[in-house]
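*Asks:* Chains as they are written, first to last, in the working numbering: chain A, 1 to 117; chain B, 1 to 208.
It is worth saying that the hints were derived from the structure and are not from the lab.
Where a beta carbon is used, it is the ideal one built from N, C-alpha and C, also for glycine.
The reader is advised that the hints may include incorrect statements.
What the hints assert, rightly or not - Chain B side only, calculated, beta carbon under 10 Å to chain A, not exhaustive:
#, residue
1, Val-7
2, Ala-12
3, Gln-58
4, Arg-116
Listed here are the chains, written in short residue letters.
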Amino acid sequence: MHLALRLASGEIRIGGETLQVSNFLILGAVLFVMGAIGVLIRRNPLVILICIELMLNAVNLTLVAFARQLQNLEGQLFALMTMTVAAAEAVVGLAILVDIFRVRQVDDVDELSDLRG
Amino acid sequence: MGLASLVFWVFAIAAVLGGFGVILFRTPIKNVLSLVLVMLSLAVQFLLLSAQFVFAVQLIVYAGAVMVLFLFVVALLGPSQERAHYRLPWQGFLAAIAVAGFAGFLYSMLKSVPFRQPDPADLSVFGTVQAIGAGLFTSYLYPFELTSIMLLVAAVGAIYLSRREPSAMPPGAAPPPPEVETPEPEPAETRPAGGGRRLSRARQEVKS
């Protein structure tokens with residue numbers, strides 16, 4: 001296989017100084033896990049949407065970090081696409097939320113377990 | 001410690017603190033402001049990773065537009081505090097177990113990630129608007145155009161969902177007749193009785 005992995009050290013040089021890519025990846029993982037905790041333990045539907053945005057941002061950081069390490073621009077393009085999807089998701093999710101709140105006050109997403117309004 | 005790692009650590013700690021704020025504050029307005037802090041810190045990280053265009057988009061689209069949207073919705077819905085108890089009894093416990101397992105997966109994966117030798121690229125133009133645009137309009141033109149369709153669908157869906165008039169009619173009910181007064185060409189006594197009753201009933205439906 002001529003595409004066999006030629007391993008590199010995972011360092012990037014920024015302004016004459018070397019940083020580990022792993023730092024960025026771990027930061028992204030920490031933020032993603034925090035977003036997952038928020039989705040699982042919070043009950044307010046608005047806060048759950050906010051936590052989903054947090055998770056999407058963490059993934060963006062990972063994509064951009066890998067793009068920098070591989071010196072390949074596709075990761076950044078993918079991050080841009082993710083931002084677009086996140087914006088559309090926020091718009092539609094908030095519209096649904098406002099529509100629900102127009103009918104009744106909801107403090108807990110578990111109250112929204114029926115399909116009829 | 002050089003300047004780059006100093007910037008990284010300062011804004012990494014800011015991002016993690018913002019993440020704690022997102023999941024721990026009880027009032028939604030503080031959650032949103034914490035998320036703004038996270039996004040600003042991540043924008044700085046993007047700049048550190050020489051992704052200038054993604055940095056600008058993060059500031060404009062995320063910290064600008066999306067967060068303002070969230071703030072508007074928070075202001076629209078009013079303050080609401082979460083209750084202290086869960087409806088599902090061991091929800092926090094289960095969430096802790098699931099998230100700990102997931103974090104373990106992520107950690108073991110990141111610890112053993114093999115870094116490939118980087119492609120030879122010109123780092124002086126890496127991540128500039130020019131490079132991003134060249135990629136976006138040549139090899140990734142098709143997903144880019146699909147993105148525009150998706151944004152259009154999202155905009156139409158949001159407008160449809162948040163329109164003022166709710167369609168609260170019971171199923172099977174006739175749609176209300178238009179409000180326009182139809183001119184009546186004939187005098188009242190020559191009109192058939194059924195038509196008049198139907199018309200007045202329709203007017204009452206309009207009024208109610």
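*Asks:* Next step is simple, just say for each hint if it's right about the structure.
*Replies:* Hint-by-hint comparison with the structure:
Hint status for Val-7 (chain B) relative to chain A: holds, with the closest Cβ pair at about 9 Å, below 10 Å. Hint status for Ala-12 (chain B): holds, given a least beta-carbon distance of 5 Å to chain A, under 10 Å. For Gln-58 (chain B), the shortest C-beta to C-beta distance to chain A is roughly 7 Å, which falls under 10 Å, so the interface hint holds. Because the beta carbon of Arg-116 (chain B) sits about 6 Å from the nearest beta carbon in chain A, less than 10 Å, this interface hint is met.
The structure is consistent with each of the numbered hints, conforming to all of them.
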